[in-house]
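Go ahead and model the full structure; you've got the sequences and the hints to work with.
One-letter residues, chain by chain:
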Amino acid sequence: MMRLRCSVFAVWILALASTPLWGDNYIVHLAITIAMYSTLAISWNFIGGFAGYPSFATSAFFGLGCYVGALTQRAGLPVSAAWLCATAGVGIFAGLFGLIILRLRGHYFAIASFGLVEVLRLVISSSDSLTGGGDGLNVPLFHGGPDFVARIFLAVMVGIMVIAFAVSILVDRSRLGFGLRCIEQNEDAADMVGIDTTRYKIVAFVLSAMFCGTVGGAYASWTGYIDPTDAFDAIMTIKTPVMCMLGGVGTVLGPVAGSASFLLLEEFFWSHFLAYNRAILGAVIVIIIFFLPGGLLGIADGKGPRASFRRSLGRWLKGGPVAVP
Amino acid sequence: MKFVSRHCLWLAFASAIAVMALSGAPAQADDVIKIGAPLALTGPLAVESKKQEVVWNMWVAKVNASGGINVGGKKMNVKLVEYDYQSDGQRAAQLAEKLITDDKVNFLFAPFGSGHTKIVASVAERYQMPLIACSSSAETVYNQGFKYLFGLLAANGASNAIIVKYIKTKAPSIKSIAIYGRDDVFPKSMASGVAEAAKAAGLNVAYNNYYPVGTIDHSSGLSAIKAAKPDWIYVTGYTSDLILIRKQMSDLGVTAPVVTMVAGPAYKEYTDALGNLANGITSWTWWHPAVNYQGVGVWPTTQSFVKDFVAKEHVEPDYIHASCAAAGVILANAIERAGTLDHQKVRDALASTNITTFYGPIKYAANGLNEAGSIPIIQIQNKQIKVLYPDGVKNADLELMK
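Read top to bottom, the protein sequences are chains A and B. The working numbering numbers the first residue of the first sequence as 1 and each following residue consecutively. The working numbering numbers the first residue of the second sequence as 1 and each following residue consecutively.
It is possible that part of the hints are untrue.
[What the hints assert, rightly or not] Only some residues are given here: those of chain B computed to face chain A with a beta carbon under 10 angstroms:
(1) Leu41
(2) Ala93
(3) Leu95
(4) Glu97
(5) Asp102
(6) Gly115
(7) Lys118
(8) Ala121
(9) Val123
(10) Arg182
(11) Gly214
[Claimed, not checked] Chain A is nowhere near these chain B residues, computed Cβ spacing over 12 angstroms in every case:
(12) Gly67
(13) Val205
(14) Thr255
(15) Ala311
(16) Glu316
(17) Asp342
(18) Gln344
(19) Pro361
(20) Ala365
(21) Ser374
(22) Gln381
Think of the hints as simulated: they come from the structure by calculation, not from any bench. In this text the structure is predicted, and so the values were computed from the model without any measurement. No residue lacks a Cβ here, since even glycine has one placed at the ideal position from N, Cα and C.
Have a look at this one:
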């Protein structure tokens, strides 16, 4: 099964990476966006999928990565070093913050992680002298024509995505992944049988932050201009878990499948239904999650949509929770 | 077997959507000039962005009804290609790239506001695509060395000294000012600009702070302003912020002889939402239906534009309506002078623009700002917008608030 998944992933990566050969720059832009969100979704999966902690901190890490990357680049560091700084900086931040926030569970954790996005946005927005506040920051634009720039950033984003995916496989097959799954099922029981839950959770939280930081740093160099509202975007922080749910929470390939299908659907709906695109997209997501509680990968595992629907309907009629994977 | 066929069905469904999403490039017609417009039709900037959509469609219909734009002796029709970027900066950049590479538009109109204009301008610059911005006047957008960006609104920098001088002359009793600005590109530059101008003119800046984007409870800022007892309160933000702040000022009993709010009172929505509370508020506008210009383009006079607009929308146009309609006029003029759709030549023609339109005179400085524009001072009196300054178009005098 794992070999099959890896080959599906390899084919998908090839499809994304080859877009400059067969598509125009709009397609390449879409491929870069897909790679970017795939990395965010894979990252979220470490804490939200494996450990079952509903984190809404994705844009906090992404935004912080944007600002660390932009500021270090403006201070004169070469681009790649700036991205490494963004990765390390965000990772360390998540480690320290995780020490505090991971004592909370369930809804409380979700709210605290979402609060992080807002707090960071306000802090960055009011640190005028360093971050430019609401004026935003200009990042030195990449030299070279649009085709060249698009190819560079496609390579970078797909590269980050591949690394994140590889780490995700390693975690999935390691003791860490096993421990996180135990935490997801019953944290107290996991603690009882000797899993150092605090340490495991912090490692998962740091993993879920690091790649968001890298992606944020690369995004800042790509667009050339960031401001607090775009960097700490509340919609992004909600989109990412939705993508994972769409694909299959807690699986290796789920986040990749989910983010790709979500973005392609989104792209399709707004280009064809100018006025109602958001409403239609929302309805489609609700329907998919309602009928496919195991995500798109649930189909591949033999839990067909019809069977899932019957189960969901049965639970609903009995008054129980509907979308339980 | 059943399992396999179900699989195939889903695969087919997914790939059909993928194909539809990725394809869909419309057929290219050679005799049409395509202008791309990323619009924020949903999200927080929807109200402002719909204004752009209305007048651009009006302009396109008007141009096409008159036979099109003369490109080197050949009359060409205009088509607007618009998308909704949902008030989301990332998506604005993505859509600008789509418009340029996928829809292959000839020129671009910038979205509403200085922040998103800046994002789209960096994409346009990369593709060397002329971009006309009708709703951004912050100098920080134009000081990036962009060569393909051309604005319409006059720069707000110089205007701050004018309003400070005006208020000081008309109301000599005013000694102190409190400034409360939205921490966002344009409103922030307005707030910081007026603070400097006030200091230079010898006013005491009793309070000077920014509120973050999305703030809905202004009570702490307003209480601090109340405690400072300023003679003049100067608030910046966009329409929805300013309506909220005005209401909360009234709830908390924050008053001053002069209250200035930018940029919102110039829009009809502001007075509609506030009723009598809007009375007495002073503001800027970049254009007002009372001005009277004669110029080039499909609308030869200010009155002809106002008449067309009122016939279609049943309200008076505000400055965003006018400047965005004028964006079309300027672009058409530059294309006719260039005699081609070549980006570089049209860009050069835009740079050398020196014309008068129904909106006012247009002449570009090296950074792409319209240096010929003016910024009238207005006050809402009896729920009507009255022009206080400049003298040429003024139809009322400053009234102090109680």
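Status of the hints after comparison with the structure:
no., hint, in the structure
1, Leu41, "holds, 7 angstroms"
2, Ala93, "holds, 6 angstroms"
3, Leu95, "holds, 9 angstroms"
4, Glu97, "holds, 5 angstroms"
5, Asp102, "holds, 4 angstroms"
6, Gly115, "holds, 6 angstroms"
7, Lys118, "holds, 6 angstroms"
8, Ala121, "holds, 9 angstroms"
9, Val123, "holds, 8 angstroms"
10, Arg182, "holds, 7 angstroms"
11, Gly214, "holds, 8 angstroms"
12, Gly67, "holds, 28 angstroms"
13, Val205, "holds, 16 angstroms"
14, Thr255, "holds, 27 angstroms"
15, Ala311, "holds, 24 angstroms"
16, Glu316, "holds, 26 angstroms"
17, Asp342, "holds, 17 angstroms"
18, Gln344, "holds, 15 angstroms"
19, Pro361, "holds, 29 angstroms"
20, Ala365, "holds, 20 angstroms"
21, Ser374, "holds, 25 angstroms"
22, Gln381, "holds, 32 angstroms"
Violated hints for the displayed structure: none, as all numbered hints are satisfied.
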